[in-house]
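**Student:** As they're listed, the protein sequences go chains A and B. Under our numbering, the first residue of the first sequence carries the number 1285, and numbering increases by one thereafter. Under our numbering, the first residue of the second sequence carries the number 1285, and numbering increases by one thereafter.
Treat each hint with caution, since some may be false.
Example chain B residues on the side facing chain A (calculated, C-beta under 7 Å, incomplete) [unchecked claim]:
no., residue
1, Ala-1464
2, Gly-1485
3, Ser-1568
Lysine to any residue pairs mimicking SDA-like chemistry, simulated, CA-CA at most 25 Å apart [said to hold, decoys possible]:
no., chain 1, residue 1, chain 2, residue 2
4, B, Lys-1457, B, Glu-1482
5, A, Lys-1501, B, Ala-1310
6, B, Lys-1314, B, Arg-1520
7, B, Lys-1584, A, Arg-1435
8, B, Lys-1661, A, Lys-1501
9, B, Lys-1583, A, Lys-1501
10, A, Lys-1661, B, Lys-1583
11, B, Lys-1323, B, Arg-1289
12, B, Lys-1314, A, Asn-1508
13, A, Lys-1584, B, Lys-1584
14, A, Lys-1634, B, Leu-1431
15, A, Lys-1661, B, Lys-1323
16, A, Lys-1323, A, Arg-1435
17, B, Lys-1304, B, Leu-1288
18, A, Lys-1501, B, Val-1330
19, B, Lys-1457, B, Asn-1559
20, A, Lys-1501, B, Asn-1559
21, B, Lys-1314, A, Ile-1558
Distance ranges between label pairs, derived from CB positions [claimed, not checked]:
no., chain 1, residue 1, chain 2, residue 2, range
22, B, Gly-1595, A, Glu-1360, 37 to 47 Å
23, A, Ala-1539, B, Glu-1649, 38 to 48 Å
24, B, Thr-1503, A, Gly-1485, 26 to 36 Å
25, A, Gly-1554, B, Val-1398, 18 to 28 Å
26, A, Glu-1605, B, Gln-1297, 36 to 46 Å
27, B, Ser-1557, A, Glu-1604, 15 to 25 Å
These aren't lab readings, by the way, just hints derived from the structure by calculation. We put the CB at the ideal spot given by N, CA and C, even for glycine.
Protein chains: 2
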Amino acid sequence: MAELRTNGDRLWQSLAEMAKLGATPAGGNKRLALSDEDKAGRELFVSWAREAGCEISIDSMGNIFARRPGTQAEAEPVMSGSHLDTQPTGGRFDGVYGVLAALEVLRSLNDGDVQTARPVEAVVWTNEEGSRFQPAMMGSGVFAGVLDQDRVYATVDQDGKSVGDELERIGYKGALPAQARPIHAYLEAHIEQGPVLEEEGRTIGVVTGIQGMKWLKATVRGMNAHAGTTPMEVRRDPLLGAARMVDAIDRTTRALRPDAVATVGEFSVGPGSINVINQEVRFSIDIRCPDEPVLEEQKKRVLAACGEISGDMGLELDIEEIWHVPPTVFHGNIVDAVEEAASALGLPGKRMISGAGHDAKYLAEICPTGMIFIPCKDGISHNETEDILQEHATAGADVLLHTVLRLAG
Amino acid sequence: MAELRTNGDRLWQSLAEMAKLGATPAGGNKRLALSDEDKAGRELFVSWAREAGCEISIDSMGNIFARRPGTQAEAEPVMSGSHLDTQPTGGRFDGVYGVLAALEVLRSLNDGDVQTARPVEAVVWTNEEGSRFQPAMMGSGVFAGVLDQDRVYATVDQDGKSVGDELERIGYKGALPAQARPIHAYLEAHIEQGPVLEEEGRTIGVVTGIQGMKWLKATVRGMNAHAGTTPMEVRRDPLLGAARMVDAIDRTTRALRPDAVATVGEFSVGPGSINVINQEVRFSIDIRCPDEPVLEEQKKRVLAACGEISGDMGLELDIEEIWHVPPTVFHGNIVDAVEEAASALGLPGKRMISGAGHDAKYLAEICPTGMIFIPCKDGISHNETEDILQEHATAGADVLLHTVLRLAG
């Protein structure tokens, strides 16, 4: 069984077939959640899973489970999957790769005539992207009991169409209640969506958890004045202050730890007139770190650095924390199983943290969970140019297969 | 005649009377160009000037000239004035002070029974502020031949009302063509609109010219990426780059010369999403300096500093010059006359440059011109809280009076 491998050509072919549904002229995919294209993607998946001999069940959130029975019919399954929906100008691999790698594992188990003790399931979660309906990760969120199904059903898109109605319209509001059941382990293969593996020339990322995150909103107030008549030395320019804060947030974060990140994304000035020193600047700060205490320290240092600049320049500063997501730490046994499977395949994995959220975040609330990353070109995703190499796709599926074998007995 | 002084109480009272027209609840003035309030202000000025025995003439731009004859009827006049229109939430002194100080000079000449050789005129220029109709300094601009009257007439406000129609409506489209005639000298008293005189405890600014100015527009492009999955060391963040440029523009300008200023007023980011590293940042740069070669050097250094940051960070940078106003240098004889008048009054003046534009800028194109500044509270103007001290108002009017006496013979 140690010699068993997935069929890389078949997986690559399936990825190409799926990418035809909602293909964009620029080579990407637009397969918004619960759209006709999403429906077509689901049907293709279901047809392939049936061909592979799986039992299909669909729950009330439209999550699709394709089950390959184990020798112990009642044993808790080992589950693997991701999502088929994409961003409006999305790529061909974000989510899809995890679903089709899970399907390829089932196909490869069939090819090898392998009987696992536990059932093995491939799963498609509904609306991971959150582009058409917010929030993201709806299917796994309701499944894990974090989101309320009735509120999710009532959520509407820009045209006023609701999740509940659209699920019915595409025929994927299943009879099975969307709620957690005993699961032995959940695995999710995914493209990294960052540049680390590619830059280090590594093939497999052994994901140990998902970063914690805080969102802060800063307001800097100074003294509105005439750009021509106000000498430099008497100015209290909030934009100059905010600019120094942006630089300080960067420096502070780099000095803290190599895996901490900070981003100023929103940034607006008032009055924003070419010949006027501004009165007020508002900006956001997104800080992330894998460790909760370090994340708190990061926030503390960012506040201190900004406060010092504000004080030195005679500005007023308010910074408010508007969101906090604690880090997710994946179960050690699952992380170890992924790492051992990768090593045994001669693909030593790099332990790393996921910077982005995934369905695995909610699954980790209800069962032992882990993730496998493969490189993506230039670290780009959520973009029509998203790309991967076939050999990496194959390698990731092989690691998934052997992790499943370790866990499914 | 060396003992002649203006009547500070009368001037102060006139300022208070004028401030009742278009008074705002917060203590400022809203007397937009060619509005009913502007009309009321003009009529009050004209009535006062007639009481002072002046001949009134109104030109086709609504500029009002109140003339006190000289003993040489045909001699070129010494002219002084400013404007009565205000910003929408403007103050009680910007412009008004220069008009009423000029009127006070005429009244004081009457009080002292002084016969000047040359005629002395007090003038009100139309639409200096440019709030309701753009551009600013319309009346003096047409008068000096810099702006075209037909184009100015066709200019409309936000409600579609034109300058030409509004001039007729308020009864101030005069018969006299708005065009330059021989003028011996033009003087304009004005509040400083900056903090320098107040901070240095000086009463009189002897204005030697108006700063040159360049407006630049910068675009910084980087690499749009995920705020969570992109490690700090591989980012090409255009906002971080632009922030460092804002700081560098400030440092470069401070290092160049104490009287150079630089302001980043407009600043926008794209896509400007809280969890996304931006793709592009656009900002404006307003640089000003009294000397043309130094202004060019300032631009060169700003470009070099921004270019270095952009290069170091792997960003793309475009900077375009969109406007250039060369410095105005006032006529040495007029500047000397103001300085000598101030010294003789025991009010040693500070030679300084005007950071803002004034009607005097256009007058300097057609005749020897100078300005007299008095302090304003905290350097604030274009604001309802704009304020001055009565003793400063009196001192400025006295300097204006004695400069007129020197020039009018």
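**Student:** Now tell me if each hint is right for this structure.
**Tutor:** Against the structure, the hints:
Interface restraint check for B/Ala-1464: the shortest CB-CB distance to chain A comes to about 26 Å, outside 7 Å, so the restraint is violated. With a least beta-carbon distance of about 15 Å to chain A, the hint placing B/Gly-1485 at the interface is violated under the 7 Å criterion. Nearest Cβ of chain A to the Cβ of B/Ser-1568: about 4 Å, under the 7 Å cut. The hint holds. For the suggested pair B/Lys-1457 and B/Glu-1482, the alpha carbons sit about 39 Å apart, so the restraint of at most 25 Å is broken.
With a CA separation close to 31 Å, the supplied pair A/Lys-1501 and B/Ala-1310 exceeds the 25 Å bound. In summary, the hint linking B/Lys-1314 to B/Arg-1520 is not supported, as the alpha carbons are separated by about 47 Å, beyond the 25 Å threshold. About 59 Å separates the Cα atoms of B/Lys-1584 and A/Arg-1435, which puts this hinted pair outside 25 Å; it is violated. Distance hint between B/Lys-1661 and A/Lys-1501 is unfulfilled; the C-alpha atoms sit about 34 Å from each other, more than 25 Å.
Simply put, B/Lys-1583 and A/Lys-1501 have alpha-carbon atoms about 34 Å apart, too far for the 25 Å limit, and the pair is violated. With a C-alpha separation of about 40 Å, the suggested pairing of A/Lys-1661 with B/Lys-1583 is violated against the 25 Å cut-off. Distance restraint check for B/Lys-1323 and B/Arg-1289: the Cα-Cα separation of roughly 30 Å exceeds the 25 Å cut-off, and the hinted pair is therefore not satisfied. Simply put, B/Lys-1314 and A/Asn-1508 have alpha-carbon atoms about 19 Å apart, close enough for the 25 Å limit, and the pair holds.
Among the hinted pairs, A/Lys-1584 with B/Lys-1584 is inconsistent with the structure: their alpha-carbon atoms are about 39 Å apart, more than 25 Å. Our distance criterion of 25 Å between C-alpha atoms is broken by A/Lys-1634 and B/Leu-1431, whose separation comes to about 70 Å. Restraint check for A/Lys-1661 and B/Lys-1323: the C-alpha separation of about 68 Å exceeds 25 Å, so the hint is violated. The hinted pair formed by A/Lys-1323 and A/Arg-1435 meets the criterion: a straight-line CA distance of about 22 Å does not exceed 25 Å.
About 30 Å separates the Cα atoms of B/Lys-1304 and B/Leu-1288, which puts this hinted pair outside 25 Å; it is violated. This hinted pair does not check out: A/Lys-1501 and B/Val-1330 have alpha carbons roughly 54 Å apart, beyond 25 Å. Proximity of B/Lys-1457 to B/Asn-1559 is assessed by CA-CA distance (about 58 Å); at most 25 Å being required, the pair is judged violated. Under the criterion of a C-alpha separation no larger than 25 Å, the hint pairing A/Lys-1501 with B/Asn-1559 is consistent with the structure, at around 12 Å.
Of the pairs offered as hints, the one joining B/Lys-1314 and A/Ile-1558 holds, with about 23 Å between alpha carbons and a cut-off of 25 Å not exceeded. Taking the beta carbon of each, B/Gly-1595 and A/Glu-1360 are about 57 Å apart, not inside 37 to 47 Å as hinted. Between A/Ala-1539 and B/Glu-1649 the Cβ separation comes to about 56 Å, which falls outside the hinted range of 38 to 48 Å. A beta carbon spacing of about 35 Å between B/Thr-1503 and A/Gly-1485 agrees with the range 26 to 36 Å that was offered as a hint.
The hinted window of 18 to 28 Å between A/Gly-1554 and B/Val-1398 is violated, with their beta carbons roughly 51 Å apart. Between A/Glu-1605 and B/Gln-1297, the C-beta spacing of about 56 Å breaks the proposed range 36 to 46 Å. Between B/Ser-1557 and A/Glu-1604 the Cβ separation comes to about 18 Å, which falls inside the hinted range of 15 to 25 Å.
Of the numbered hints given earlier, the model fails hints 1, 2, 4, 5, 6, 7, 8, 9, 10, 11, 13, 14, 15, 17, 18, 19, 22, 23, 25, 26; all others are met.
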